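> These are the residues of each chain, in order.
8 protein chains.
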Amino acid sequence: MATGPDVAHPAVPGPRTGPAEADLGYARLDLDRAARTGDPEVVYGAGKTPEQVVGALRALAAAHPDRAVLATRVTPETMALCRDELPGARLDEIGRTVTLGSAPAPVGRVAVVCAGTSDLPVARECATVVEVFGAEPDLIVDVGVAGLHRLLAQRDRIAGADVVVAVAGMEAALPSVLAGLVGVPLIALPTSVGYGWHLDGLTAFLATLNSCAPGVLCVNVDNGFGAGVAAARIARRTGPPR
Amino acid sequence: MATGPDVAHPAVPGPRTGPAEADLGYARLDLDRAARTGDPEVVYGAGKTPEQVVGALRALAAAHPDRAVLATRVTPETMALCRDELPGARLDEIGRTVTLGSAPAPVGRVAVVCAGTSDLPVARECATVVEVFGAEPDLIVDVGVAGLHRLLAQRDRIAGADVVVAVAGMEAALPSVLAGLVGVPLIALPTSVGYGWHLDGLTAFLATLNSCAPGVLCVNVDNGFGAGVAAARIARRTGPPR
Amino acid sequence: MATGPDVAHPAVPGPRTGPAEADLGYARLDLDRAARTGDPEVVYGAGKTPEQVVGALRALAAAHPDRAVLATRVTPETMALCRDELPGARLDEIGRTVTLGSAPAPVGRVAVVCAGTSDLPVARECATVVEVFGAEPDLIVDVGVAGLHRLLAQRDRIAGADVVVAVAGMEAALPSVLAGLVGVPLIALPTSVGYGWHLDGLTAFLATLNSCAPGVLCVNVDNGFGAGVAAARIARRTGPPR
Amino acid sequence: MATGPDVAHPAVPGPRTGPAEADLGYARLDLDRAARTGDPEVVYGAGKTPEQVVGALRALAAAHPDRAVLATRVTPETMALCRDELPGARLDEIGRTVTLGSAPAPVGRVAVVCAGTSDLPVARECATVVEVFGAEPDLIVDVGVAGLHRLLAQRDRIAGADVVVAVAGMEAALPSVLAGLVGVPLIALPTSVGYGWHLDGLTAFLATLNSCAPGVLCVNVDNGFGAGVAAARIARRTGPPR
Amino acid sequence: MATGPDVAHPAVPGPRTGPAEADLGYARLDLDRAARTGDPEVVYGAGKTPEQVVGALRALAAAHPDRAVLATRVTPETMALCRDELPGARLDEIGRTVTLGSAPAPVGRVAVVCAGTSDLPVARECATVVEVFGAEPDLIVDVGVAGLHRLLAQRDRIAGADVVVAVAGMEAALPSVLAGLVGVPLIALPTSVGYGWHLDGLTAFLATLNSCAPGVLCVNVDNGFGAGVAAARIARRTGPPR
Amino acid sequence: MATGPDVAHPAVPGPRTGPAEADLGYARLDLDRAARTGDPEVVYGAGKTPEQVVGALRALAAAHPDRAVLATRVTPETMALCRDELPGARLDEIGRTVTLGSAPAPVGRVAVVCAGTSDLPVARECATVVEVFGAEPDLIVDVGVAGLHRLLAQRDRIAGADVVVAVAGMEAALPSVLAGLVGVPLIALPTSVGYGWHLDGLTAFLATLNSCAPGVLCVNVDNGFGAGVAAARIARRTGPPR
Amino acid sequence: MATGPDVAHPAVPGPRTGPAEADLGYARLDLDRAARTGDPEVVYGAGKTPEQVVGALRALAAAHPDRAVLATRVTPETMALCRDELPGARLDEIGRTVTLGSAPAPVGRVAVVCAGTSDLPVARECATVVEVFGAEPDLIVDVGVAGLHRLLAQRDRIAGADVVVAVAGMEAALPSVLAGLVGVPLIALPTSVGYGWHLDGLTAFLATLNSCAPGVLCVNVDNGFGAGVAAARIARRTGPPR
Amino acid sequence: MATGPDVAHPAVPGPRTGPAEADLGYARLDLDRAARTGDPEVVYGAGKTPEQVVGALRALAAAHPDRAVLATRVTPETMALCRDELPGARLDEIGRTVTLGSAPAPVGRVAVVCAGTSDLPVARECATVVEVFGAEPDLIVDVGVAGLHRLLAQRDRIAGADVVVAVAGMEAALPSVLAGLVGVPLIALPTSVGYGWHLDGLTAFLATLNSCAPGVLCVNVDNGFGAGVAAARIARRTGPPR
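Residue numbers (UniProt numbering), protein chains in the order written: chain A, 1 to 242; chain B, 1 to 242; chain C, 1 to 242; chain D, 1 to 242; chain E, 1 to 242; chain F, 1 to 242; chain G, 1 to 242; chain H, 1 to 242.
Since the hints were made in silico from the structure, they are not lab data. Careful, some of the hints might be misleading.
As the list claims (entries may be wrong) - List time: in silico DSBU-like cross-link candidates among lysine-lysine, alpha-carbon distance up to 30 Å:
{"no.": "1", "chain 1": "D", "residue 1": "K48", "chain 2": "H", "residue 2": "K48"}
{"no.": "2", "chain 1": "B", "residue 1": "K48", "chain 2": "F", "residue 2": "K48"}
{"no.": "3", "chain 1": "F", "residue 1": "K48", "chain 2": "H", "residue 2": "K48"}
{"no.": "4", "chain 1": "E", "residue 1": "K48", "chain 2": "G", "residue 2": "K48"}
{"no.": "5", "chain 1": "A", "residue 1": "K48", "chain 2": "G", "residue 2": "K48"}
{"no.": "6", "chain 1": "C", "residue 1": "K48", "chain 2": "A", "residue 2": "K48"}
{"no.": "7", "chain 1": "D", "residue 1": "K48", "chain 2": "B", "residue 2": "K48"}
{"no.": "8", "chain 1": "C", "residue 1": "K48", "chain 2": "E", "residue 2": "K48"}
On a predicted model such as this, the values are computed, not experimentally measured, just so you know.
Using the sequences provided together with the hints, build the complete structure.
Below, the structure written as structure tokens:
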């Protein structure tokens, strides 16, 4: 196992002894990255054929039999092939993810909070990434700012998390409202959900960037993967209160 | 008095019999506009010398002895001259307005809501315009979304107004939160308040434009005058519940 | 009936006694919103299957037998299914709306003004929303600024309305011209109609935002729904002149 | 005199026999351009010292004793020096121009139309350029779209011109309204006049570019010089109706 | 025939005695516009069915038997139907136009200049509009700035025109180079032709707007129709040199 | 002391018993925020007079005698007055901060990494905020990507931190390079440092947002305060490796 | 052979004696350009039918039997036809190019460096252009900044080239890192590769434009052709060290 | 002296034996960079005091007695101090540069071409950088595209250079025109020169980026330094024709 200082809190402990790369023809897999950073392997499914995604998942699973491997942005066609070809895989059709192998025992809890149906694909992708990267996701849906009573009813649950990911499209008021309610590290995840002239999520993005509450961090529009990776890294480091 | 259908709810009743225009050399005043639209006369103070603003206010007041006339965006130098030269004038140094003459008896109440100090100049300009244009302004400060308890404490007061103007800079979450709390006609007034890369208020503006709550109306950035005119027009029409 | 101050002017009077939410699997309907805000229920049709829209309309109609429910942005496929499955529904193929149940008795009149064929879908969506939200829509077509005589011929009809919605694409000169003619509360509804480099309606939008006439309010590009909700809210409050 | 086909309609007839260039140290004057294009010489005053502008005007006047020479964007300091040093010069403090020498006998009339005080500097710069470049300027002020009756009162005067320049800031509705009223060649001259978020004239510019009336031509924001040059070129070619 | 001052130079002389409008169900044709502005009638073909375009052309031709009527942006399907249904029509498949009836005797010549194949559709649309609107188009192709010798070989032909339309995509250097060569009124017509990140013609557009040569006029990207209308209006006024 | 779940890891333990607000006339201080969020109080110095900043610091220090209070964006004039009036204050002229009172015992280490002189003001502001908010800042300067050997020499020191803040202007390649080297939670802090057309830091900002390395979090341009708050919140939660 | 000073370093020596142009109906080929600039002929395949591309390649090859001719941006359909119809052609399906005829003996070496699979189409197009334009391409893949060790392992190979083309999407850190490592003339070739809100390559483009390393040159997004032409021109001039 | 492959063509041969860095307090000078890249040392004068610039030049000159050192973007105040304190320095007040020490014997010639006065500061800065970095600058002024005959008169001189830098503001047509005339490696250097709405040079920049002539390279707006560095690097590699 890599023991350098940057993997003091790896998502998955234990040695890896396979080759450093696998060349599948259509992709060269970096089998060594987990050792360098402590993170699991992920296949970005967009733009790949179903056969390529299934092949890459199999190769990664073979190289890492002791940990989960993940595919994101999986198309319906790929989802169907995974159902047939990868019997033990966990499929999330809304979040567009396929997971193979057991997630590590979680360290820390990540509250993934969103307003509702439209933001759900991005929120669920984030939650699955959190799980595969070694923390416990806690998905809290239906708490948009237009129905403030629902949000306030969840305040204690959110405040007790180790990290909060606030998923929001349109005007993205949720991160600011949450950051005024709790002092937990907070990642704003803007989405491209909206009607009319919202510039493909730029509105949500600018709003999170200019939150009136200090300390809000953000990722790119619809980047549930990036938010999940960052949230899990933070949560994994969480110790008892000091 | 003009009695056409568009002045059924004028801010100031009563005939006007002076000339249709006054030519001050540096400006030609449209003394007839009040009759056409029912609205009072306003001097836009930015870019004018103190003497020009004082002169314009005097000419308008002479033409409209029975109603208030207003100057907006008044510079400190102009403010000082108004204090010396226009004894009865009401000066608002924060809102940058000077009012001469009595405001009409108000019809309807306009809640002007904002988060705090930075938004105050725009909010007070709006409130004064509401008053001069014939409605009752109700300025509610210190209710930003980062301190939600203060906002919720004012909910009934806001919900009981005839129109709400939600003044907000930075990420401008306030209009959406308010629009989820009350069903009153709501005007979002974005401001250019912010730190860092906020594009001179574009962020606030886009946020109000993309509110997740339906029916939010908006005006240009920092346009306290326009929001006040529109809010007063709506409030003046308010009748008993139907 | 909810009697809080924010529903002093509800679109539809009378109690609602059903459950607060209906979970259709693909959507969770907030059956309580009408009581909180006095507004009817609306299904946003874009991105939903015909079966989902029909199902949602039926569920809402069952929960609110005494008022109209509405679907907007209905696709041709959904329109066809509604024709078969919802016998009493009123279909507007140009405005892309389906209404089920009786609209409330209207309070106040909303003039929805536009230049012609291209703006008609947005204008008709707005007019239907006005009706379902409790005011009387008055659709005035073919009055673009390039044929000023037609616009002037409608001046009195427009000036006599309680609210004006000025629908305009391209350079969107209509709201400014109208706001110079009448003193009625005026909502500019920019559309994405145009040729060449018009930035998907940004030109129209910026124009309405910078109107030289004071007090022009605006909504997002093509947002006929939002303009209709806001216009009806204002019109419903209209009382006898004060 | 240059007799090439492109100077069939020169602003100023007659030969030029001086040297092709004058080197003033701080500027090299192209004394030959008039012969090539039939246009007079112009000094762009912005960014030059008063002495440089006066010197350049003198050198041009010496080279072209039979025609007017012009300086634009003249600062107040330069204006003052011109008053002292160039006795016969015509100074326009609002339009920021200084003209030396007699304008040619005008061919064709250019209506320069604008809404009022704010657009006046650009409109007057344009009118002076029209005159110096050989056509008759006809400045028509105070005809903004917010006061349509004034505009309509000037319709015949505008329709009888050979070219119309429609000067407009803010939402720039004037060019479209004019283009719907008259069939004369029309140049839209957007200005940076506006309040709030108008993007330094971009709004006006986009509006003129997207006019619903066909055949509207446009120049850059505040480019009174360019509009005047183009308008005069067109007007000079005007013959009797065919 | 309308004899108001704005139709002193109509494209087509003679009275029109039909009704002022024709309602085809899918479109209301303004049969009176020609009388008001002297311009012919045009059907914008984009977004209309082949049957609608053919029907509109027939109705216009019936109302204006003595002049040409035109359809622009005609799709291949519509082109095919026009070939079958409108025997005498002139079809331009590259310029996407269909013309019915005789063009008026031309007054003035318009040089339409472009670099080559990619700009040809826009250039030919412009040339046809020039012809139908009453001037003589002179299409000059293959004279881009990257092959300067070809452009210089056409200099006299271009300089002898009454108006120049410079059609250019990509970096749009052509209008500036032409405006430095000739003194003729010049309209820049930017096109959306380009590779890579050219912002759908914004680059070409900004370039024409910022030409270093004074007096360049411009229209919207790809707006061959607008450029043709304006060019013909100018050319029609051209008299013998003064 | 507030013991809600969101202050499980407060920067400063211990009760606060003073009033909830202090009204200084020019500012209303929220003395209760620390209890709600566990964070210290901060005065934003930009736009305030030296006297106001000194007064606010004194009021906060009186209310919180047991913890540090901080002023950021302090002008040279304010810095000078602080030196005279606040004897025990720690002044950082480069980072533009003034600190009064002892920082809490740090929990966790935050590596603040930047390329050099130009980014130093933002980096030092961030480091001071980290300290005052309860973590140990470790400022590592002179490690830009143009001199990769220096960066690689610091790899272990950076990898051993609990959080990394990568401060970078211009093209902002540093966060991506760092995120490829270490697996620590990483916050990119773009700065407005640059020459030519860099859009006031937009370039740096977009670069950090699009990092090819997963899990990079970001804050607004030049927002050293926000990055410091977030980094300290994360670092304070750090426990022994799990 | 053209012997003007600008073809002192032509890609392909030797005379050309064919006609100056070939008109294929759908395209007019400039057979003379090679003589003027020393560059080979290229067919831009996008937007052309397979038959047109094959025909153009044949015509160019017949006119230039002694040098390679090239088609870029070849679609899969065109690629298939070329395989059938042009037996000796070299097809690159990833780089989307078809080459006919022998490349000239290379002068100078161009290192084309990129991070991996996504940038490969643009990088290979560039490499082929380099070859056809007379230099030796050296394609170095899999050296992104997120895996710095691989990049450092290739340092000497890159530093020994005559020109470097750094191909990079997303945040495009590669050109800056390379420019800090080697002093070779360096062309940054940004690509539109990225996830989320990257503005179609604008991010990569702005990053290359603002490189902290001096002397970085850039081309448009995805412009492998332009980068290849420029790189070959530079490499062909390379002599022994001076 | 470093003999790695990336300094095969250094601007200045010979060993450097001083320390690797000099710390002046206000700046840390990287004395080793020349050895690594073969380039001379440069002080960026903007934002530094006159004393700092003079001090930095002296320190660099002491460390590199055998080569020229350079300061760019020198303010008038700094220029005055350099005149007093650095007797042998060469001052260019227009190009804003100060050079100390002898430039190396030039290898290759760089034609720096621009239209005239406005572009001269950037062009001269570029020319001086070319000289100090080891090539021969050839400044060609007054050849804008609006006076094509002057440009054509310089064609052979430009075509005979080893590199061309085309400096251009406004619509920046010059690089495209030049690239059509000569086959020499060409760097477009856009400037922020312009009137009206040109977006601080964006127009020029986009134009150069979208040149219709293949192989045009570009640098950031006004980046005379970067263009000079790149041009010299290319020129220094130039050998006899191959």
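> Tell me the numbers of any earlier hints that the structure contravenes, in ascending order.
As far as the earlier hints go, not one is violated by this structure.
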